[in-house]
Amino acid sequence: MKKFACVILAVIAAVNLTACSQEPNDEKPVIYLYPEKEEAVSVELSYDGNLTCTYPEYKNGWKVTAFPDGQLVDEKGISYNYLYWEGEKLPEYDFSQGFCIAGEDTADFLEKSLEELGLTRKEGNEFIVYWLPRMEKNPYNLISFQRESYTEHAKLRISPEPDTLLRVFMAWKPLENPVQIPAQEFSHCERKGFTVVEWGGCEVKEK
Numbered sequence: 001m002k003k004f005a006c007v008i009l010a011v012i013a014a015v016n017l018t019a020c021s022q023e024p025n026d027e028k029p030v031i032y033l034y035p036e037k038e039e040a041v042s043v044e045l046s047y048d049g050n051l052t053c054t055y056p057e058y059k060n061g062w063k064v065t066a067f068p069d070g071q072l073v074d075e076k077g078i079s080y081n082y083l084y085w086e087g088e089k090l091p092e093y094d095f096s097q098g099f100c101i102a103g104e105d106t107a108d109f110l111e112k113s114l115e116e117l118g119l120t121r122k123e124g125n126e127f128i129v130y131w132l133p134r135m136e137k138n139p140y141n142l143i144s145f146q147r148e149s150y151t152e153h154a155k156l157r158i159s160p161e162p163d164t165l166l167r168v169f170m171a172w173k174p175l176e177n178p179v180q181i182p183a184q185e186f187s188h189c190e191r192k193g194f195t196v197v198e199w200g201g202c203e204v205k206e207k
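Per this note's numbering, the very first residue in the sequence shown carries number 1; after that it's consecutive.
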């Protein structure tokens, strides 16, 4: 079966719109597993930063029984909605394209964007509920979407291998004034077969 991998990172950049150094934390990446049938799944995260929190506890990987509705059960019989991790890392991002969004328009922008990127309503709702309180009161947010800058420092190894892998990551930085930035186009990910979905984000901070 052909495998599908989709990676979309929402990254709110520094004002100069070029690659630069920041001091972000990768906050609340969560991983959903949707097998086509009840199945034992192992997930390994190769992260070249420092993991600061995981739940369930990450012990050289996560091993769970996954169900088609997304429920996960560990070896102790405890159930989870997703796998969770946070970490500290100093990546570099390319901010040559993206979006400058007024804080008051953040909810509408995220609802529309997350749907276009391929998140379900439930996944998108959990994403927005986590991030919106920290974004909507900012005068503006500068957003840029990336690939390698995230996947190269946070690699996933999943067994059995998923047919579809969708990774959506959003880092953000508030702005006092709007800036001009060339707009990006979204790439929608079609889900087929065993699907794994990840979303997360961070606030990008300048040194």
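Careful, some of the hints might be misleading.
[To be verified] Pair ranges (Cβ atoms, derived):
| hint | residue 1 | residue 2 | range |
| --- | --- | --- | --- |
| 1 | Lys37 | Pro174 | 43 to 51 Å |
| 2 | Asp48 | Ala102 | 30 to 38 Å |
| 3 | Glu161 | Lys122 | 19 to 27 Å |
| 4 | Ala107 | Cys53 | 20 to 28 Å |
| 5 | Ser96 | Lys192 | 15 to 23 Å |
| 6 | Lys137 | Ser42 | 36 to 44 Å |
| 7 | Glu39 | Thr120 | 16 to 24 Å |
| 8 | Asp69 | Ser96 | 18 to 26 Å |
| 9 | Gln180 | Lys76 | 48 to 56 Å |
| 10 | Arg157 | Glu92 | 33 to 41 Å |
Worth flagging that the hints you see were computed from the coordinates, not collected in a lab.
Glycine included, every Cβ here is placed at the ideal spot set by N, Cα and C.
So, going through the hints one by one against the coordinates:
1. Take lysine 37 and proline 174: their Cβ atoms lie about 44 Å apart, and the range 43 to 51 Å holds.
2. Taking 30 to 38 Å as the suggested C-beta distance range, the pair aspartate 48 and alanine 102 conforms, at roughly 35 Å.
3. The hinted range of 19 to 27 Å is satisfied by glutamate 161 and lysine 122, whose Cβ atoms lie roughly 24 Å apart.
4. Look at alanine 107 against cysteine 53: about 27 Å separates their beta carbons, and that is inside 20 to 28 Å.
5. The hinted window of 15 to 23 Å between serine 96 and lysine 192 is violated, with their beta carbons roughly 32 Å apart.
6. Against the hinted window of 36 to 44 Å, the Cβ-Cβ separation of lysine 137 and serine 42 comes to about 41 Å, which satisfies the hint.
7. In this structure the hint that glutamate 39 and threonine 120 lie 16 to 24 Å apart at CB holds, the actual value being about 20 Å.
8. With their beta carbons about 40 Å apart, aspartate 69 and serine 96 fall outside the hinted range of 18 to 26 Å.
9. Under the hint 48 to 56 Å, the C-beta atoms of glutamine 180 and lysine 76, about 53 Å apart, fit the expected range.
10. In this structure the hint that arginine 157 and glutamate 92 lie 33 to 41 Å apart at CB is violated, the actual value being about 24 Å.
Going down the numbered hints, you'll see the structure goes against 5, 8 and 10, while the others check out.
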